[in-house]
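**Q** Chains as they are written, first to last, in this note's numbering: chain S, 8 to 255; chain D, 17 to 273.
Please keep in mind that the hints were generated in silico from the structure rather than gathered at the bench. Each hint can be trusted.
Beta-carbon label-pair distances, calculated as ranges:
no., chain 1, residue 1, chain 2, residue 2, range
1, D, A68, S, D124, 47 to 55 Å
2, D, S36, S, G193, 43 to 51 Å
3, D, G238, S, A78, 15 to 23 Å
4, S, S69, D, G238, 23 to 31 Å
5, S, D84, D, S54, 39 to 47 Å
Non-contacting residues of chain S with respect to chain D, defined by C-beta distances greater than 12 Å in every case (computed):
no., residue
6, D129
7, P226
8, R236
The beta carbon of each residue, even a glycine, is placed where N, CA and C say it ideally should be.
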Amino acid sequence: MTAAISIRSLTYRYPNSHRNVLDGIELDIYPGERVALLGPNGSGKTTMALHLNGLLPIQAGSITIQDTLVADANLADIRRRVGMVFQDPDDQLFMTTVGDDVAFGPANLGINPPQRDLVVQDALAAVDATHLAERHPHHISGGEKRRAAIATVLAMSPDIVVLDEPTSGLDPVGRRELAELLATIGATQLVITHDLPFALATCPRSVIVDQGRIAADAPTIDLLSDPERLIQHRLELPYGFQLRAPGA
Amino acid sequence: MGGGHAPNKIHDLVISGESSVHRLPPDVKLVALVAFVSSIAMTPRHAVWAFAVYAAILAAVTAIARVPIAVIGRRLLIVAPFLMAAALVPFIGDGPQTKVGPFNLSTDGLWAAWNICAKALLGATASILLTSTTPIPDLLVGMTRLRVPRPVVSIVAFMVRYLDLLADQFQRMRLAMAARGHDPRWLWQARPVASAAGTLFVHAYERGERTHQAMLARGFTGHMPDLDTPTRSSGAWLTALGPAALAVSVCIVAIVQ
Ligand SMILES: Nc1ncnc2c1ncn2[C@@H]1O[C@H](COP(=O)(O)OP(=O)(O)O)[C@@H](O)[C@H]1O
Ligand SMILES: [Mg+2]
Numbered sequence: 008m009t010a011a012i013s014i015r016s017l018t019y020r021y022p023n024s025h026r027n028v029l030d031g032i033e034l035d036i037y038p039g040e041r042v043a044l045l046g047p048n049g050s051g052k053t054t055m056a057l058h059l060n061g062l063l064p065i066q067a068g069s070i071t072i073q074d075t076l077v078a079d080a081n082l083a084d085i086r087r088r089v090g091m092v093f094q095d096p097d098d099q100l101f102m103t104t105v106g107d108d109v110a111f112g113p114a115n116l117g118i119n120p121p122q123r124d125l126v127v128q129d130a131l132a133a134v135d136a137t138h139l140a141e142r143h144p145h146h147i148s149g150g151e152k153r154r155a156a157i158a159t160v161l162a163m164s165p166d167i168v169v170l171d172e173p174t175s176g177l178d179p180v181g182r183r184e185l186a187e188l189l190a191t192i193g194a195t196q197l198v199i200t201h202d203l204p205f206a207l208a209t210c211p212r213s214v215i216v217d218q219g220r221i222a223a224d225a226p227t228i229d230l231l232s233d234p235e236r237l238i239q240h241r242l243e244l245p246y247g248f249q250l251r252a253p254g255a
Numbered sequence: 017m018g019g020g021h022a023p024n025k026i027h028d029l030v031i032s033g034e035s036s037v038h039r040l041p042p043d044v045k046l047v048a049l050v051a052f053v054s055s056i057a058m059t060p061r062h063a064v065w066a067f068a069v070y071a072a073i074l075a076a077v078t079a080i081a082r083v084p085i086a087v088i089g090r091r092l093l094i095v096a097p098f099l100m101a102a103a104l105v106p107f108i109g110d111g112p113q114t115k116v117g118p119f120n121l122s123t124d125g126l127w128a129a130w131n132i133c134a135k136a137l138l139g140a141t142a143s144i145l146l147t148s149t150t151p152i153p154d155l156l157v158g159m160t161r162l163r164v165p166r167p168v169v170s171i172v173a174f175m176v177r178y179l180d181l182l183a184d185q186f187q188r189m190r191l192a193m194a195a196r197g198h199d200p201r202w203l204w205q206a207r208p209v210a211s212a213a214g215t216l217f218v219h220a221y222e223r224g225e226r227t228h229q230a231m232l233a234r235g236f237t238g239h240m241p242d243l244d245t246p247t248r249s250s251g252a253w254l255t256a257l258g259p260a261a262l263a264v265s266v267c268i269v270a271i272v273q
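Just chain D, with the same shape it has in the complex (with noise of 0.2 Å):
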């Protein structure tokens, strides 16, 4: 439509499907991820054991929730920068030395890596499975159901908004881009890109704009109209906790070993 913009918006981020994942309340869904993430974030880097569980876990709901692991895959794409940062780590850590292949690498500063990149990887799965799953309208149900304060539902809401539209036009901009001969091959050897990134960045942000102005317009004023979102049970708890419960479980003994 007007400006050609591809049909592409938050809720496009949902894999259609009718599984008992997709169709969890989404505030019980907000709290099994938060429980998650946390356990991740908190258990020690020693314990690699924990982290193939929570890996185990989270290709249980992928499966279960029959997201592909191509979408997971590129979305993760997303913490490619954290990832890049990450492996510099070893190289300029001091300490005790590994020799790995031809490099002599911090040790501390290899587990420092393998710290951020598990977490972040983990992390970012758990996160895009709710995405996968679960349309923004409903999270933001959600949130406000949790009573999350008004103005963090909104910047939210917007902030997932921007990432969609950066991810759709960032993906247009390449192909226009090899189109025309370019091919970049590392995110560093590709300064159109970055230059281009920007623009991207404030289109996507002008875009959110409207989108946030539109909804103004009708009235909206930071709380998100309850409208059929489903409605949580102690079966939904159960259901959705389980997992978390688990990853909750697993973080505790990863600490107390």
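Extracted from the complex, chain S is given alone in its bound form (with noise of 0.2 Å):
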């Protein structure tokens, strides 16, 4: 089977840095899985992110996304494929209502004005913001403005969706709806977290970055019952959660 992301040897060292930021990743996900990518804070894992969107230049190693290569002359291409929702919303909505910056992408790829009002309101719809269409983007609560920032990519019809720390500043309930929500998301979804419960309702399989390099890949459930290498990480289950399976 083709993967839906295969990284090889990816190294990146930021200009001015001294270190390299991510030094040699090595991942292979396939279409229609959820994958949780874990790791402390300053791992690397935003800089993975944006590499698969063709977003940083890719100075070693290699990355396809199915069977294209992320490089200049397919970055059109990729960017369709892969869409980005970023860690924090205010910077992804900057037009003045829900439905225009929802209609910002599909308007990029071409798409005539009736075929795209279409695409808004189902991707609008998928995640239950159809009410929020003529909203200011700014204007709206936390776990509205995350739904909202899904929908802008989900216009896109992704094949792979990548979440940059999708729940921070959520609320508990908003948290537990999005986690609803990606379960309602058909694409290979690459879930970037520190949040492990939510790791756990999401995604069954996790790699944790710590270093730049992939420290480990298991099933989540299996990562989280070893407390002694969640601590080598610098990851940690919240005082008092009782691991279970997620369903169970």
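The task is to assemble the complex, starting from two chains supplied on their own in separate frames and drawing on the hints.
**A** Shown next as structure tokens:
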């Protein structure tokens, strides 16, 4: 089976930095999988995500999305296939209404207006945000912003959705609703988070990144049952959290 | 949200309202602004009456658009550094002197200071009126319609975004400093303000970068898609260009006078 995302020896150093933030990442994610990317702050999760969309130049190694190499010549195609939901929805939503924001991506793809309206409606309906279409993106709640940001990405019908710390800024209800929402999205998903219960609720498989490398790759329930290993990577279940397999 | 940013973004510059000024197509407003500001810039400094007419035109547009004077005043702070620099000119100019209170000031310097202040204030007010009545995405569409080259459209977009973010963060930082007992009366007394301003600029820049990345991730190539921005009609051109045409005539009269 062709991997949805295939990363080989990806290494990256920010200009003016003296160390490799990514240091030989190797990872394959298959179509339809939901994978959590866990790791402490500063471990390079966001840097890796930005590479998947061609937002940072590849310095060494390679990334293949389905059959297409991430490279300058294929950027438009890559960006249609990979949807990025950024950590802070305020960075992502910048138009005057939520509806216009959702229409921004399809318009960039050249989808004509009548068709575009349908796509926008579908994307908003998919995140249960139809009623937000005319609202100002900054005058809605944190959970609504997150759903709107996800709609802007779904409107481009991506095959792969990457979400960078999607639970940050959400209250418990917002987190649960988000977990339910992700379960309804058919695309392959890479969920970056250090929210371990959320990872368990949404992703059967988890990968730990530390110091720019893949430090572990296993079923989420197995990783979370190994407190010593979690501590090694500055990860920790919330106090009082009782580990149970999802659905158990 | 994450990081506790106040929900203040580019389009928050717009004072919500439903005036005829708000509804004008953005490309038309842009052309009017350029004509208006160019007239101001080219008006000879001795034609004081011409500046009075410009001010009256701006006052009328402000009233029609129902933009609160306080908002304009606050946003005008952005030209404060220019005004302060201009205020120094009469002290250092030479040539004939004029006595003002206890000072002997250069007459030519006084005119130069007047020229800078009048033009900066009027030009800035006109721009503030535009950004208070037109969302930035619409302005970008306007520029695209006017065939402004793409890199310029992007640069302007990000410039405006940084300015807005800076102003917003500056406000919050001043509050935070005031909360710790700092009371900067004058910008140059406020070393902490100056050093923090550098940090702010970096934050605002990074924020702008992230928004830019989020736009690229959704296929943005520097060309703003035209969603349903108001389109121009001959009526819109007449309405918007009325004040600008008046300003151009005033400028021409002032020059040939
Ligand atoms: N634009 C940048 N320039 C220089 N260093 C950066 C930049 N962005 C992130 N870094 C550094 O790279 C490391 C990894 O950052 P990041 O990918 O954001 O980590 P994570 O998302 O896992 O918290 C951090 O040490 C961070 O300080
Ligand atoms: Mg991050």
